[in-house]
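Enquirer: Read off the chains here:
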Amino acid sequence: MQSLGSVAAQDRGASTPRIHTEAIFKIDTVGVAYNGNQAVRDITFDIFNQEITALIGPSGCGKSTLLRSLNRMNDLIPGASVSGTLLYHGEDLYADSVDAVQVRKRIGMVFQKPNPFPKSIYDNIAFGPKVLGMSGNMDDIVESALRRGALWDEVKDRLKTNAFGMSGGQQQRLCIARALATEPDVILMDEPCSALDPISTGRIEDLMMELKQDYSIVIVTHNMQQAARVSDKTAFFTVELDEDGSNRTGRVVEYDDTQKIFTNPSDERTEAYVSGKVG
Amino acid sequence: MSGAPKSELLVGSVIPPASRGAHLRDIGFRGLLIASLGASVLVLGTLIYTVLEDGLGHVSLDLLTRFPSFNPKIAGLESAFTGTLWLMAVCAAFIVPVGVATAIYLEEFADNTRWWNRLIEVNIQNLAAVPSIVYGILGLAFLVRGPISLGRVVLAGALTLGLLVLPVVIITGREAIRAVPPSIREGSMALGATQWQTIWRQVLPASIPGIATGVILALSRAIGETAPLILVGAATFVAFNPTGLDSGFTALPLQIFNWISQPQPEFKLLAAAGILVLLSMLLAMNAMAIWLRNKYERKW
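In the order they appear, the protein sequences are chains A and B. The letter at position 1 of the first sequence is residue 1 when you use our numbering, and the numbering goes up by one with no holes. The letter at position 295 of the second sequence is residue 295 when you use our numbering, and the numbering goes up by one with no holes.
Honestly, the hints are just simulated from the structure, not real lab data. Any given hint could be a false lead.
[As the list claims (entries may be wrong)] Simulated crosslink set (PhoX-like; lysine-lysine; CA at most 20 Å straight-line):
hint, chain 1, residue 1, chain 2, residue 2
1, A, K119, A, K130
2, A, K130, A, K160
3, A, K119, A, K160
4, B, K73, A, K119
5, A, K277, A, K260
6, A, K160, B, K73
Generate coordinates for the entire structure from the input sequences, incorporating the hints supplied.
Expert: Structural data, given as C-alpha cells:
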C-alpha cells in the first residue's frame, strides 16, 4: 500500500512520499437503502488521510449515495437508512449519540451543480463560520478561505457583489472556499466539475492537488481521466440487478491505488470500464 | 433554380390550404375573448368614471382631517381613515408571524404522509374560500363576546380580519418557501448549519419578497372588508380616532356604507370621495406588491 501510494504520488511530481498513518474513514459492509430499496450494499474499504479518493462507476451505481452517507447528508432524505459500520477517526458516525450537524461541521461537501447562496461573495463564505460561532476576525477568515479556494485575486475587489454574477467555475470554487472556511478535515465532492468547461475543470483539479496537503478529499466523478489525474486511490463501483430485475444495487468491484486501477486492474469489469470498452 | 413556375405548380398539393371553416372559428373565438375582456373593462371603467366624477371634487385635506358629522358640509372621514390604519397595522402584526410560522411548519417540518398534516392543508385551502360574513360571526361570538370578550374594539376587528386573510398569507408564504431550491438548503446543511439556522438565515431571507407580496395582497383584501366589521360591531358614526387596541373604531368601508345610506345627496358625493381614498390606498398597496415582486425576482 505504502510503496504503491508513494509511486503514484511521485508520478505526479510530489516531492515527498506519502505515509498513511491513519484511515480517516473505515467503511465496513455498509449499505444504504431508500424506503427499503437497497441502493448500495456490502461496501468495505478505508479512506486515508490527506489523499484524494475517487469513486467511479456507471450511472446509478450508488457512488453519490455512498458519498452522502459519509457526512450524513442522506439523513435529509426521508426513507433513507444506512446499515453496516462507518467509522470516522474510529468513531461510529451513525451511533445514536452522534449529532449529524456536528458531523457535517467536520466533513464538508461540494455539490454537482454550484449552489452559491443568493448573497454576496463575502456572505457566502462568512455564513458557515457565523453559524458555527467561529471566533476570529471575519474579514481574515473570508480572505483566507478565498485564498485557499484560489479565488481571492479574482474577487477581492467585488466581495460585496452577488455571487450569482460569477462564472460557473468561479461559483464552484466559491462553494469549495465556502466549505474550507469552516475548517473541515474532509471534503466530499459530488461530481464537482460535471457542469464546468475544461478550463474551469483544470483549475479545480489544480486546487484539489493543493488542498490535499491539508485535507482529505473524496470525489465522485464520471470523468475517468479526472480520476486518473487527481486521485491517489480509486474505488470502482458497478450495478447489479436483482433476480427479478426490479432493483438496482451498487457494489464496489475493486478498490486500490489509482495507478493500479488504471494500468493493471485485478477485475476484468474494472478493466473493461476504465479502458472504455463499456460504460 | 429555375423553380418559379415549378413551385407554382406545387402550391396546395403538398401542404393543403387551411379550411375556411377553421379560419372562421379562429376569428370567432378571438372575437369572443376580446368581447369578454371588453365587458369587464367597461364595467370597471364606468365604475371608476362615476366615482371620479362624483368624488374627485370632494377629495381634499379637509376630508381627511374632519370627523363625521350630520352636516355634510363639514363631514370628513378622519376617524375612519385612522381606524383603517389601526386595523391594518394590528392585522399585519398578527398575520405575519402566525402566517409565516404556519407556512414554515407546513413546508419544512410537516411530514405530509401523516393524515393530520394533510387535513390541515386541505382545511387552510378551504378556509380561504369561506365567506367573510362567517368570519364576522366567528369574531362576534368568540372575540367580541363569548370566551374572549374583547368588546367592540380595534383588537377584535383586526383579529377578525386577520383570521379572514390568514389563509392567503399561509398559501402564498408556502409558495415562496417552496420556490427556494433544495440545493440552497443542502448547501447550508452541508456546512454544519442546523435546520433552524438554515431556515432562518437562508430560506426565509430568500423567500421574503414572496412572503411580503402575499402579506400585502392579504391586507389589500382586508382593507375593503365591510361585512365582518359590521358584525364585530364597528360603529358607523365615530367622532374620535382610536387611541389603542381597546378603543372603539370605524373604518373606511363602513364610513362609505354609512354615507351612501344617508338621504342627503351631498353624502353620496362624500361617499364617492371616500371610495377614491380607499381605492388609492389599495392601488398603492398593490403597486408595492408588484414592485417588491419584480425587484427581488430571482432566477435560480
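Enquirer: Within 20 Å, alpha carbon to alpha carbon, are A:K277 and A:K260?
Expert: holds, 18 Å
Enquirer: Taken at face value, is the distance from the CA of A:K160 to the CA of A:K130 at most 20 Å?
Expert: Given pair A:K130, A:K160 holds - Cα atoms ~17 Å apart, limit 20 Å.
Enquirer: Taken at face value, is the distance from the CA of A:K160 to the CA of A:K119 at most 20 Å?
Expert: holds, 9 Å
Enquirer: Against the 20 Å threshold, does the CA-CA distance of A:K160 and B:K73 hold or violate the hint?
Expert: Outside the cut-off at roughly 58 Å; violated.
Enquirer: When you check the alpha-carbon spacing of A:K119 and A:K130, does it fall within 20 Å?
Expert: holds, 14 Å
Enquirer: Run the distance test for B:K73 versus A:K119: straight-line Cα separation, threshold 20 Å.
Expert: violated, 56 Å
Against the hints set out earlier in the document, violations occur for numbers 4, 6.
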